[in-house]
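Student: Sequence:
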Amino acid sequence: MEIYSTMMDVIESYTGLSPSAFFTIAALMIVVYKTVCNMFVDPEDFNKPPIINTSINLQQATPKLSEPVQLGDVTEQELRAYDGSDPSKPLLMAIKGQIYDVSSSRMFYGPGGPYAKFAGRDASRALALLSFDPQDLTGNLKGLSDSELEVLQDWEYKFMEKYVKVGQLVPEETKTMETDGEEKVEESSQKLEINGGKE
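Note that the UniProt record's numbering gives residue 115 to position 115 of the sequence shown, counting from 1, and the numbers run on in steps of one.
You may find that some hints are simply not true.
[To be verified] For each label pair, taking beta carbons as the anchor points, the in silico distance ranges come out as:
id	residue 1	residue 2	range
1	K34	S85	50 to 60 angstroms
2	F132	P87	22 to 32 angstroms
3	T35	S131	21 to 31 angstroms
4	P114	I25	16 to 26 angstroms
5	E161	I30	38 to 48 angstroms
6	F132	D73	52 to 62 angstroms
7	M107	T15	28 to 38 angstroms
8	P114	T15	16 to 26 angstroms
9	G143	P171	13 to 23 angstroms
If you are wondering where the hints come from, they were derived from the structure by calculation, not from laboratory data. Just so it is clear, CB atoms sit at the ideal spot from N, CA and C, and this is done for glycine as well.
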């Protein structure tokens, strides 16, 4: 009984309320709290199991990236097809004529990303100048200062460390000459077959 009388004295001295008033106010506060909580929470949410870790759910929602495919020699026109507009194709970008698969950073280089303009292009000049101007989205390095070329070199090192090199850019005329050469070889082999091995 001594504990009870001590508690009642402590409540009265600290709060200035009688013990019955103190417990009445405490009970009302609990009722108000429960009522307000129920107003903002759907009763069905009480039946759902708690979500333990949302990062697991995010990993499941993110599609698996396919292994980078080696393209070999590609022209600038062919590279444009890999700008992220077709989600079934890898996301590619070139620096100093070297093509890198940047699909793992789709949030940066994919559609809507801050560097989306760089995808499907040789962005060497833009990276060297730290520019987003469309006229700088080219592999032309003429007129760049030593410090700008150094900035570009830093970017190239970052890409070499982070992304897989999948090919290299070649001029249109080189690709055309290769195709013409292949056609000439095919024509000459067909002539040999027709003539029975004699030219």
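Student: State for each hint whether it applies.
Tutor: Hints and how they fare:
1. K34 <-> S85: 50 to 60 angstroms: This hint holds: roughly 53 angstroms between Cβ atoms.
2. F132 <-> P87: 22 to 32 angstroms: Since F132 and P87 have Cβ atoms about 24 angstroms apart, the given range 22 to 32 angstroms holds.
3. T35 <-> S131: 21 to 31 angstroms: Violated, at about 59 angstroms.
4. P114 <-> I25: 16 to 26 angstroms: violated (55 angstroms)
5. E161 <-> I30: 38 to 48 angstroms: At 58 angstroms between Cβs, range violated.
6. F132 <-> D73: 52 to 62 angstroms: violated (28 angstroms)
7. M107 <-> T15: 28 to 38 angstroms: violated (56 angstroms)
8. P114 <-> T15: 16 to 26 angstroms: violated (58 angstroms)
9. G143 <-> P171: 13 to 23 angstroms: Between G143 and P171, where Cβ atoms are some 20 angstroms apart, the hint holds.
Checked against the numbered hints given earlier, this structure breaks hints 3, 4, 5, 6, 7 and 8; the rest are met.
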